[in-house]
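Number of protein chains: 2
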Amino acid sequence: MRVLRVETAEPYEILIGGGLLTEIPQDLPQVLETRHLALITDETVRDLVAEDLARILTEAGFRTEIFSFPPGEASKNMETVVQLSRSMVRAGFDRRSAVLAVGGGVVGDVAGFLASIYLRGVPYVQVPTTLLAQVDSSVGGKTGVDLPEGKNLLGTFYQPRRVYIDYGVLTTLPLSHLRNGLAEVVKYGAALDRGLFEFLEAQAEALLAYHPEPLEEIIYQSCRLKAEVVSRDEREAGLRRVLNFGHTLGHALEAALNYQILHGEAVAVGMVAAARLSEALGVAEEPVAERLEALLLRLGLPVRLPEGVAPEALPAFLSADKKVWHGRLTMVLLRRLGEFVFYEDPPRESLLEVLKEISI
Amino acid sequence: MRVLRVETAEPYEILIGGGLLTEIPQDLPQVLETRHLALITDETVRDLVAEDLARILTEAGFRTEIFSFPPGEASKNMETVVQLSRSMVRAGFDRRSAVLAVGGGVVGDVAGFLASIYLRGVPYVQVPTTLLAQVDSSVGGKTGVDLPEGKNLLGTFYQPRRVYIDYGVLTTLPLSHLRNGLAEVVKYGAALDRGLFEFLEAQAEALLAYHPEPLEEIIYQSCRLKAEVVSRDEREAGLRRVLNFGHTLGHALEAALNYQILHGEAVAVGMVAAARLSEALGVAEEPVAERLEALLLRLGLPVRLPEGVAPEALPAFLSADKKVWHGRLTMVLLRRLGEFVFYEDPPRESLLEVLKEISI
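Same order as they appear, the protein sequences are chains V and L. For the first sequence, full-length UniProt numbering gives the first residue as 1, with consecutive numbering after it. For the second sequence, full-length UniProt numbering gives the first residue as 1, with consecutive numbering after it.
Since the hints were made in silico from the structure, they are not lab data. Honestly, I wouldn't trust all of these hints.
Identical copies look the same in the list; a pair holds intra-copy or inter-copy alike.
Here are the simulated BS3-like cross-link-like pairs (lysine-lysine), alpha carbons at most 30 Å apart as the crow flies [as the list claims (entries may be wrong)]:
(1) K356 <-> K151
(2) K76 <-> K356
(3) K142 <-> K356
(4) K76 <-> K151
(5) K76 <-> K142
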């Protein structure tokens, strides 16, 4: 097992290990004063993981109740938060109780937000069950829900008391979910840590076979890198934007496809575009795109725009991003593998050129 | 004008003055970097105050837009927050904008909550327009909305950047609203500050005639007292419960009457009951009830249970309060005027006895 301490205003620890779920009951009292737990999950994870975890906790003397909602981004709204809250009030959860978030990114965002506003805030603990949530949502304290007008428009910054990452649960999910998370790991390597990038190159097949040692290593390194970035920029003023490597175009692609694409797949294509743009604009001081594409292909991730997506259609979705979040468009490009640069308002023609290159 | 500095984790200042509204445009840049303001209000205050303030701000070069909702506690829910948020997104309010809450307690709670979760938090400024909101909501950072299961069950702790208290606007409201706020001022005096209590005794008629000097004084003293309590107990661990003087029974009375009673009237009766209980239990070291009742009567506030409320019906509503907020019932009683004591689980018989005394 590995332990990562995250140095936010209220520090907490991420525990990473295979079979860690069974150790949660004996560890929880170190971070929670209560034994009254609301276990928030979705209906899929409920069957795969949450029921088991609830049983383990109950046997250890915790008073545990499961509250679940339909899986998927469509549930990530205020109505779900209100329904969960009402169920918790009726079940007698008071200020001296706590929330356990058990699931992927949507569950983490919804449950974290709920915990941050329930009776003006109760403690919460995360048990992310997808690789994407393990390497992405465990650090940063972002919670939130969508509005019809856009994603994550309502939310809070709220840190968990503890994060338990059990990579043993990853085998309960289809391989596409593992790939989805690996795209984010590639992001950390390509933008921030050449060593991690080369580790992925060396261990690609072992990772796809769920070997525990490399899984533990990439989860630890990804969380460590994100924690370093976030601890220097807790409120998203600047540096944190490095985490958007591959996401600017990735988000545009998701929006263009009305989210009928896995996040990791959109990010993979977005990273390829950003790498090629880095070369086209003369920012890259070594070839970066080819090696990145080769790794993504070995991991079973896409490196070309999906069929039916016209390159010309994407820039429109970029400006939506731009409007809500910043006055201008800051893209994350690569100087070399493992080293990012910020680039303000890249020329539209260069962007379009690159998108055309990677359209099928 | 008087200035009160509130020493919370992120300190802010309360400015108190007659005609202060017109000075907001020149002061705002000291606390906000933006000139893009969402002015949140209800439909009543919109006509009385908010339209004027928006005009003043627009003339001074601020980009201001008003968002309003129907007045009253019935609007204090998540649906209102979602609707306001959606309107703000569509109107282009981004992270670099700010919220101005203009209105009474409901507007302050809703707008503060909205500001705390909109794009994970934008700055906000309060312009309370009722005496109750001026002496009660300006300090403490509590925001929130109701659920069908109970009041204030979802919310945050979120401090404003500035509070502007213009007691000049109080004349736009019926006298009953002034009385409603004066009940809270009596609370601060009776529980915490004998000098304030005696000032109220000396100035009761002047206050009811809206004389500016005594109004400024009682608003300043009330905010100062609340700020002292809150700064020592920002997360409501203990001391802050002193602010519940008169509110334990007041809340029960409101619930029994399905909130068809002004908050201040319920608190007035609750304070009388608490004062009489202090004497009955031998906690009071001087007579407290008679002088308290005399002051409340002069201020036009009730000192007896409303017709139709049976004393026997109230304890049931107390236990609801008890269940959600604490394991046990802590009441605030008086040792003398200006000096409170906490009292745990007063005997039900004594409570009932006192309630019978003050039933008509």
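Verification of the hints:
{"no.": "1", "hint": "K356 <-> K151", "verdict": "within (27 Å within a copy, 56 Å between copies)"}
{"no.": "2", "hint": "K76 <-> K356", "verdict": "neither (34 Å within a copy, 51 Å between copies)"}
{"no.": "3", "hint": "K142 <-> K356", "verdict": "neither (34 Å within a copy, 52 Å between copies)"}
{"no.": "4", "hint": "K76 <-> K151", "verdict": "both (9 Å within a copy, 24 Å between copies)"}
{"no.": "5", "hint": "K76 <-> K142", "verdict": "both (14 Å within a copy, 25 Å between copies)"}
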